[in-house]
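Chains as they are written, first to last, in our numbering: chain A, 1 to 339; chain B, 1 to 339; chain C, 1 to 339; chain D, 1 to 339.
Worth flagging that the hints you see were computed from the coordinates, not collected in a lab. Quick caveat, the model's predicted, so the values are computed rather than measured.
When chains are identical, the list treats them as one kind, so a pair holds in a single copy or across two.
Computed list of lysine-lysine pairs in PhoX-like fashion (alpha-carbon distance at most 25 Å, straight line):
#, residue 1, residue 2
1, Lys-160, Lys-191
2, Lys-160, Lys-219
3, Lys-106, Lys-119
4, Lys-161, Lys-219
5, Lys-106, Lys-161
6, Lys-215, Lys-163
7, Lys-119, Lys-160
8, Lys-257, Lys-45
9, Lys-219, Lys-163
10, Lys-327, Lys-276
11, Lys-181, Lys-191
12, Lys-149, Lys-191
13, Lys-191, Lys-47
Each chain is listed here by its residues.
4 protein chains.
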Amino acid sequence: MYSFKNDYSEGAHERILNALVESNFEQTDGYGEDYHTERAVQILKDKIDNQNVDIHLLVGGTQVNLTAISAFLRPHQAAIGADTSHINCHETGAIEATGHKVITMKTDDGKLTPSLIQKVVDAHQDEHMVQPKLVYISDSTELGTLYTKAELTDLHNCCKKNKLLLYLDGARLGAALTAEKNDLTLADIAKLVDAFYIGGTKNGALFGEALVICKDELKEDFRYFIKQKGGLLAKGRLLGIQFEELFKDDLYFELAKYANNLAIILKNALIEKGYKFLCESYTNQQFPILPNEVVKKISEKYSFNVERVIDENNTVIRLVTSWATSKEKVLEFVEELNL
Amino acid sequence: MYSFKNDYSEGAHERILNALVESNFEQTDGYGEDYHTERAVQILKDKIDNQNVDIHLLVGGTQVNLTAISAFLRPHQAAIGADTSHINCHETGAIEATGHKVITMKTDDGKLTPSLIQKVVDAHQDEHMVQPKLVYISDSTELGTLYTKAELTDLHNCCKKNKLLLYLDGARLGAALTAEKNDLTLADIAKLVDAFYIGGTKNGALFGEALVICKDELKEDFRYFIKQKGGLLAKGRLLGIQFEELFKDDLYFELAKYANNLAIILKNALIEKGYKFLCESYTNQQFPILPNEVVKKISEKYSFNVERVIDENNTVIRLVTSWATSKEKVLEFVEELNL
Amino acid sequence: MYSFKNDYSEGAHERILNALVESNFEQTDGYGEDYHTERAVQILKDKIDNQNVDIHLLVGGTQVNLTAISAFLRPHQAAIGADTSHINCHETGAIEATGHKVITMKTDDGKLTPSLIQKVVDAHQDEHMVQPKLVYISDSTELGTLYTKAELTDLHNCCKKNKLLLYLDGARLGAALTAEKNDLTLADIAKLVDAFYIGGTKNGALFGEALVICKDELKEDFRYFIKQKGGLLAKGRLLGIQFEELFKDDLYFELAKYANNLAIILKNALIEKGYKFLCESYTNQQFPILPNEVVKKISEKYSFNVERVIDENNTVIRLVTSWATSKEKVLEFVEELNL
Amino acid sequence: MYSFKNDYSEGAHERILNALVESNFEQTDGYGEDYHTERAVQILKDKIDNQNVDIHLLVGGTQVNLTAISAFLRPHQAAIGADTSHINCHETGAIEATGHKVITMKTDDGKLTPSLIQKVVDAHQDEHMVQPKLVYISDSTELGTLYTKAELTDLHNCCKKNKLLLYLDGARLGAALTAEKNDLTLADIAKLVDAFYIGGTKNGALFGEALVICKDELKEDFRYFIKQKGGLLAKGRLLGIQFEELFKDDLYFELAKYANNLAIILKNALIEKGYKFLCESYTNQQFPILPNEVVKKISEKYSFNVERVIDENNTVIRLVTSWATSKEKVLEFVEELNL
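Could you build the full structure based on these sequences and the hints that come with them?
Next comes the structure, spelled out in structure tokens:
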């Protein structure tokens, strides 16, 4: 049984493991006050081409989302997200647990638009309702789709006009930035959003997400929030070492590109067989709509998640590739499909 | 400069690193639903000699404390702790951030007693005050001291009588259980408290704490709380692998014993020089009271934390040893002291 | 300008004012431990025909909702409500501020059904999502509609099957219970739901809502929650005196019936003019769909709220009557409509 | 049995009741957007001699404290209070329930000093601890004592120096401002603190506290917080009418002065008998230390609260007078004492 279930099924890229082994007996200060973290942060600032951002390394994505969003909002303020957004669906109410409503809008492709945001703002105008304050988007989205530079610029302008914060969840930012149709860079993103994070867990690290705070007003005292929410790793160096390794050259992008390429092989094979998709993805998550008998057949050799039941006969499944996915297994899958 | 600052200055014991490397390309399910975690949990249940406990592996201590305590308490209930307790002093209000007061009592040695607890209970008798419900203790304590089996039994009885939960923070449980004056076992603890955790971070792991829930009523739905608080590690296997390695034989106890032994060397040397201590510790944290000129002198070659200023001329410092501390450096320190 | 804006525009029924004046110099204990409150609670238990319920008197509806729901749920649990439900729309995220998600379902008439609830339950099956636990309904609803005994029984059964709590917001319970199509009694409701409240503010009191807790497991320590959320009125007698007066005979029901009757006069006049309604209401809130020029015309003499813009030419307004509404003004409104 | 238990045992001053009766059938907008509230706010601004403050009328003191403090603080920030402070002792953890620690300092007289505050600030210097941000004081204090203008100025300066907010709980501000040794005015307070409230419940109103926000940065969106915490009274006019009546002339001060005078009669009689007091109070709360047999004897005819057991033979009781206390009963009490 080979797994296309997700992009965190294996450990870490060997360069990361090597770096951990090599640095193992260095004595460093705890809680991210070590030189590996310092170096990783500097490398990231250079890659982002912005020395003015604040960067914090945390262990996981839900942790970053709940820490950042609860730090950025005042008690009466709410986040706006797509109904498919991770904070709405798969974080066990983590944002609400910090006291904030998540207002959701229905979308076909997991992407928010200025017009959807404006509707929310227009419907919340007095103190009997929460005050929408932060727009949460993901790139790539939970459905594998992408924001273009033009779209992100429009969101930026919409947020600016309405005094909203724009926050980008980059759990799969590597997949987004290396996708065929992408035209965004890290530097663009840092200019267009108020905060975002660069996901390591799903792209070759053992764990780790780099939160980038662009807007000055959001920076103050941020380490307090990390500590309070239980996210300040004692051996913070482990985060530093991993991001150093991922970004000191282009390893991060190479790993993501590799995953995307394998996903596109799967996608093309499925297209050739005439299958449709839930929405168009150029990244490492593909959501084909398959007849149930096909789903059953491939489930004999491969594991994956069911996304949604479409009707009696058809099901949307999710196929995910990663830096660790075997190309051989992908080709084998394609072959099986054609039998 | 050699550091006696804490027990999380280095990476991990090499057996742990090796285990991570060896298992690296296994595909496993995420979020702790992998066979390494399953095995680690089984090994721990055997060591604890209790198949009925629930065990969850989390990344860090503050995370365990806030997740467990907020899961165990209803909104109007409070924790009781020593004024030096970690949840009171060094977790940035993490417990209060989940809505619960921490009621503190002054102690000399960081240890709660039935009489201190009873005072709190007696002073909180109606709905205009919080309801004390959970007693938080640490073993070894934040001051390096220990609970004896008799003392823990008394606390257990006091809690039972007052319908209080007894929770033990075992960030340094290895140090406690392998200390000279200790007479407790993991099995004893599991019988006497309602929940406790076995700390990995400060005893040879990269990170990781094993929460053991003994009381049935506290077990339900616990994974929801871990996820909601951002503590459900995507690659949960990393926790499983580490605890497997630490407990499949006696590595965990050997590492702790090693650290304690080095601390006792420091302690004895300091005693010989006539110095007194903040309180009597048999574990890997020692709190000598030193003349300021001695503090100054040793700070030239060694780093450590200042615990407290006693008076104009004397300061309490904290010296910490760990599985990774160099015996050579300890002996060198002793030698310097005698110059 | 005469107001049909809401049912809390005036003070209180004169019998309530008289009772306050008469009792003014009695010395009583504070915080609801007085004999007026005791008597009011006993009278309510008799009216509900259930001596086993717990009853607490609070000042306002949002206060009751947030206090009760946060007391009843554990941190990972969520409430389910109609998208039009008061807790979702008009309480500034009060429920989320206590840490709990409100899962909403779209409805036409503001009423939840077993099938809508089942959909939510089926979509929330693991610890990566919140756990739906409490069903929030209002009777009469925010759109003026009613639950029948059969419908409430179905909801009761659906909740029982899915281990959900059923909670009824009775801010306008008087209007519901005295409406033409109603077949529920206070005693029925106490049998079918786990907790509900009887609204005084919108039916003749200066303020005050009586929370009735039917399910034993929800009763423990409830006064702690009221105090913690700021809802324990120092002069709790004010609540006792008002509920005593409203329920010692049938004043509460008479006032509600009066308000409903006036609303039906408005409704019938609007029907006669050929106007349609957002949904069919037999209670004191009517939501006619009116041409904009009609809206404009009546707004010259009457104030009311706009509920929703339907299209370029038509608007839904809300007309509300109360115990204090002038019948003369209602007839005048009808007359104006016919000019 | 006559009660000296507290200052909220009776209803309201008759002028307040009359005002409620007279205005009863006026139609007003809800939620404090009525002209009575508008007028009351203007009258208060005039009395405070500051047109720039924001004033909000709420129902009760715990509600004001939790709403204001949680609105003013960011998640990692804490309040500092005396160990006897109301938010620490008698609000069921209301502040912690909003996520914030209350750091307490031991005092003899219920009063904080710059030196106590500085100690707290000095002990909280990094992100592993909460950040002290708001100083909570009461005037008169929970022990009946007063702040002088010099003392409040010192606190103001200490807070300014340490970037702390200064918040004054005025549940018994009337008693403070009309006490013999007082040299503060409403205008002074508004200049020296960042926010405070003027208590109505304990000085002649049915209920009601007027929160005065002096610092501009704390004003924004405040009505959202009131609504979210359940404190926005539907018939907000009730608050407006009461404060209008209390402050349109000097009724508020006359009532407080009357209560203080009666307390001083009690105090002097007790002094004459040779009894000592817990601390020196010039306000309507007196805390004499009495032999147990005296306590027993007076408890036959009078009810009061026991504050503290001093030793085997002596007890501190609390005697409270109010606007409604009978002078005759006070004199009778004095007479009994002398028998």
